[in-house]
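Asks: Residue numbers (the working numbering), protein chains in the order written: chain A, 1 to 133; chain Y, 134 to 266; chain G, 267 to 399.
In case anyone wonders, no lab produced these hints; they're calculated from the structure.
A couple of the hints might just be wrong.
Here chain G is said to cover these stretches of chain Y; the calculated rule only asks that three of the stretch's residues, wherever they fall, bring their Cβ under 8 Å from a Cβ of chain G [as the list claims (entries may be wrong)]:
no., stretch
1, 149–161
2, 167–177
3, 180–188
4, 217–229
Beta carbons are placed, not taken as given, at the ideal position from N, Cα and C, and that holds for glycine.
Now for the letters of each chain:
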Amino acid sequence: MPIQRFRISTDRRHQIIDITSQVQEIVRAVGCDQGLACISVPHCTCAVYVNENESGLVADMLALLSQLPAGDSWRHNRIDNNAEAHLMASLVGNSTCLPVSGGQVELGTWQRIMLIELDGPRERRITLTVVPG
Amino acid sequence: MPIQRFRISTDRRHQIIDITSQVQEIVRAVGCDQGLACISVPHCTCAVYVNENESGLVADMLALLSQLPAGDSWRHNRIDNNAEAHLMASLVGNSTCLPVSGGQVELGTWQRIMLIELDGPRERRITLTVVPG
Amino acid sequence: MPIQRFRISTDRRHQIIDITSQVQEIVRAVGCDQGLACISVPHCTCAVYVNENESGLVADMLALLSQLPAGDSWRHNRIDNNAEAHLMASLVGNSTCLPVSGGQVELGTWQRIMLIELDGPRERRITLTVVPG
Numbered sequence: 001m002p003i004q005r006f007r008i009s010t011d012r013r014h015q016i017i018d019i020t021s022q023v024q025e026i027v028r029a030v031g032c033d034q035g036l037a038c039i040s041v042p043h044c045t046c047a048v049y050v051n052e053n054e055s056g057l058v059a060d061m062l063a064l065l066s067q068l069p070a071g072d073s074w075r076h077n078r079i080d081n082n083a084e085a086h087l088m089a090s091l092v093g094n095s096t097c098l099p100v101s102g103g104q105v106e107l108g109t110w111q112r113i114m115l116i117e118l119d120g121p122r123e124r125r126i127t128l129t130v131v132p133g
Numbered sequence: 134m135p136i137q138r139f140r141i142s143t144d145r146r147h148q149i150i151d152i153t154s155q156v157q158e159i160v161r162a163v164g165c166d167q168g169l170a171c172i173s174v175p176h177c178t179c180a181v182y183v184n185e186n187e188s189g190l191v192a193d194m195l196a197l198l199s200q201l202p203a204g205d206s207w208r209h210n211r212i213d214n215n216a217e218a219h220l221m222a223s224l225v226g227n228s229t230c231l232p233v234s235g236g237q238v239e240l241g242t243w244q245r246i247m248l249i250e251l252d253g254p255r256e257r258r259i260t261l262t263v264v265p266g
Numbered sequence: 267m268p269i270q271r272f273r274i275s276t277d278r279r280h281q282i283i284d285i286t287s288q289v290q291e292i293v294r295a296v297g298c299d300q301g302l303a304c305i306s307v308p309h310c311t312c313a314v315y316v317n318e319n320e321s322g323l324v325a326d327m328l329a330l331l332s333q334l335p336a337g338d339s340w341r342h343n344r345i346d347n348n349a350e351a352h353l354m355a356s357l358v359g360n361s362t363c364l365p366v367s368g369g370q371v372e373l374g375t376w377q378r379i380m381l382i383e384l385d386g387p388r389e390r391r392i393t394l395t396v397v398p399g
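Chain A with its partners taken away, still in its complex shape (with noise of 0.2 Å):
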């Protein structure tokens, strides 16, 4: 089952965007009846999870970034002005695993694949991995 891919573009520098529509998909597309999905980034300052769209929540999740201490604190904002967007990817993850079931990825009634943008706007790759169960 060949590696999938798609790409989407930020247009902020923060932003959270729901990429579930183009996951299922392709999900669809290949074919897999059983098994498991992993959704990844190649990317650093920029990551993936799973959980609940609502517009409240969404914003209180790029908040969490200010928990970080300021800039001047980190050593990495020296080289680049990003280490926040580093650090908040690195703790969220590059990448999530979920079910493949009737040839879609099996979420729960709330959840949701998204992508936090954490140093954009870019253009970002998403990369699918199917293997059968």
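Dock chains Y and G against chain A, hints included.
Replies: Quick look at chains Y and G alone, frame taken from chain A:
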């Protein structure tokens, strides 16, 4: 290999439950000798992680929640008073992957598979996806 | 495809080690063209993540630990003085999954596979589970 499921009832708002024995029993029944197991939850306010089941540490893990600022600062709490549960679940993650070897999940000496309930009491579903290596 | 293992000796209490070349060498030897690789540790006080190997950022990632409150506030420290190591390991995670393509782990330009030692020095084991796509 069909996806497996089981349920756990939590009885407190914040609680950590060791689900290792249930996971191991199901993996043995599935009959996969070598491969990968993904343990996931179809929920947005609980999570799974792998660490030691020591009562002090379990209390500490729940106490990490209190490191997040108080409730009024989160927008999602205007809709449903559980923003911290969503945020902590997004940081810990709703799935974890482990090797399967010799027909069971391979864990280190002190490792246990833990369900962290952040908005209970509720009945929680756990999904186990095993793919052969 | 049998599970693969290798060892790394750490020499400080807190340390981050780039394990990308060891992982790539093993994946090439396994001979899986397309699939999924899971890199995991059978330990409770170290973790794995994927991000940039830049010396300032590596120091920043370790400095994140100091954002957790001081030792006396954790119950686990009455038993073993490493609660922060367990907590940080639980947040970062003891495993990460990446696509395998063309016989090796597919990484973005700046991505590296990093082992974070939080309670060294110790000899650490890394497990590599590859499943075909």
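Asks: None of the hints should be skipped; say for each whether it holds.
Replies: Now the hints, each set against the structure:
1. 149–161: That given contact is violated, which follows from only 0 residues of the stretch 149–161 of chain Y lying within Cβ reach (below 8 Å) of chain G.
2. 167–177: holds (count 3)
3. 180–188: It holds: at least three residues are needed, and the stretch 180–188 of chain Y offers 6 whose Cβ sits within less than 8 Å of chain G.
4. 217–229: Holds, because 4 residues of the stretch 217–229 of chain Y bring their Cβ atoms closer than 8 Å to Cβ atoms of chain G.
Hint violations for this structure: number 1 only, all remaining hints satisfied.
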